[in-house]
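Undergrad: So the protein lines, in turn, are chains A and B. Here the first sequence is numbered in our numbering, starting from 1 and rising by one per residue. Here the second sequence is numbered in our numbering, starting from 1 and rising by one per residue.
In short, the hints are calculated from the structure, not lab data. Beta carbons are placed, not taken as given, at the ideal position from N, Cα and C, and that holds for glycine. Don't take every hint at face value.
[As the list claims (entries may be wrong)] Using 35 Å as the maximum straight-line C-alpha spacing, the simulated DSBU-like pairs for lysine-lysine come out as follows:
id : chain 1 : residue 1 : chain 2 : residue 2
1  : A       : 268       : B       : 62
2  : A       : 54        : A       : 93
3  : B       : 108       : A       : 148
4  : A       : 93        : A       : 119
5  : A       : 148       : A       : 119
6  : B       : 76        : A       : 62
7  : B       : 76        : A       : 119
8  : B       : 76        : A       : 38
9  : B       : 76        : A       : 208
10 : A       : 38        : A       : 16
[Stated by the list, open to error] From the structure, some residues in chain A lie toward chain B, with a derived Cβ separation under 7 Å:
id : residue
11 : 122
12 : 196
13 : 219
14 : 221
15 : 225
16 : 232
[Unchecked claim] So the derived label-pair ranges between C-beta atoms look like this:
id : chain 1 : residue 1 : chain 2 : residue 2 : range
17 : B       : 85        : A       : 214       : 30 to 38 Å
18 : B       : 93        : A       : 214       : 52 to 60 Å
19 : B       : 8         : A       : 95        : 21 to 29 Å
20 : A       : 91        : B       : 11        : 54 to 62 Å
21 : A       : 264       : B       : 78        : 53 to 61 Å
22 : B       : 48        : A       : 257       : 48 to 56 Å
23 : B       : 15        : A       : 53        : 47 to 55 Å
24 : A       : 290       : B       : 27        : 53 to 61 Å
25 : B       : 8         : A       : 57        : 30 to 38 Å
26 : B       : 111       : A       : 111       : 13 to 21 Å
27 : A       : 125       : B       : 40        : 49 to 57 Å
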Amino acid sequence: MTAIVEVTNLDKRYAKHDVLTTLNFTINRGDVVGLLGKNGAGKSTLLECLMNLKEPNSGSIKLWGKTWQTLTQAERERIGFVAQSSAGYNWMKVSQYLDYMSHFFEHWDHTYCDQLVEKWQLDENQYIDQLSGGQKQILDVVQALSIKPELLVLDEPVAHLDPNMRRQFLSELMELCCEQNTTVIFSTHIVSDLERIANKVAILMSGKIIHHHDLDDLKNAIGKVSLSGVTNAQDLEMLPLSNTISQQDTVTGFILEPSTLDWQNVVKDLGLSYRYSAINLEDWYLEVAKHAY
Amino acid sequence: MSEQLINLIYLINAQSGVPIYRQIMDQTTHAIVTGVLQADQLMPSVRSLASHLQINPMTISKAFSNLENEGVLIRKRGVGMLVASNQTSRTISTDTTNALQTFIDLAKQDLSNDEIIALVQQHLAMSRKKGK
């Protein structure tokens, strides 16, 4: 596996407030990583550090094995970025903005850009100032995709889009991943989108990545388990259960991460009966968040 | 494969607890058993399915590879994935239907529909792991 992004011992502070603390994180080529975390968790700060828009207090970030300072201009042009808020240029028309941006990127694909503008019904003659929040976001996405990026960094890219536009964007993103083997990291609060398009999921909490899993492995593992016939709570210590609640001889808890332990057999060996129900990623995230605070 | 047929076969529920690759596997197998997909029929490409369903291409590849390992699909170089020649629609026997109905009647006394589905899927997954 080739690491495209390597974050090592990253620290970022705003005044005395620690946002990212000794954060370590690796993304391999072709991975689509969904980044979850509550508001203010530091997702945007992390993505902005990746894009060299914010300087870390310590630690290192390497893209394709290089620090930002040693990346060549050609390598920097392989990175697409959509920020949470638009860059401005409100006085420009859509066509002027895209033309202006195209000059910064040698490999800007004009045909593809035109196709996206037409497909997503952006009016080229409209001033950016007159676009809705969703249209501004689409314009940013068009700009980021038109360079056919090898690495795409997206900060809540679909937050302002209606469901139809969201699906169209996700569809285009998947096309790009197939065509270019693009590596993607995106922050989102829409967990169902993450479940569709990501193959890895990470949770940022208290300045650290506290979970980073292969999505399928995670979904195969997580669930809610109720154990009946429990007489000795210590029997359960070896089980990978979190957030447990006991009621008489029944203990209910959650499996929140993949484990190599064949817990069903352990439960049978203990003479307990169990009931298992799968949970979805949103339930998982909420339980993890509950556990972490 | 037409978009209409893809829509008929695949209905992905990203919010279910079942991993998406397994939903694709199960829905492909179901389409074969019910005759919607025929033996030797060409499957849609990973790219078209990923784009149409808005699903990560690695997830589609994983589902197709697993189905290939199970002998449900075969990979033909330069062509793509085909439904294996020996895969045909099957009539479900009366015994199986009756056993299924008895199981559902019993399970409904304690479990919700979602829990019954999860239970069946969990046991199928365990059977797969044990190579049954």
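Undergrad: So, against the hints stated earlier in the document, which numbers end up violated here?
TA: Of the numbered hints, 3, 6, 8, 9, 11, 14, 15, 16, 18, 19, 20, 21, 22, 23, 24, 25, 26 do not hold.
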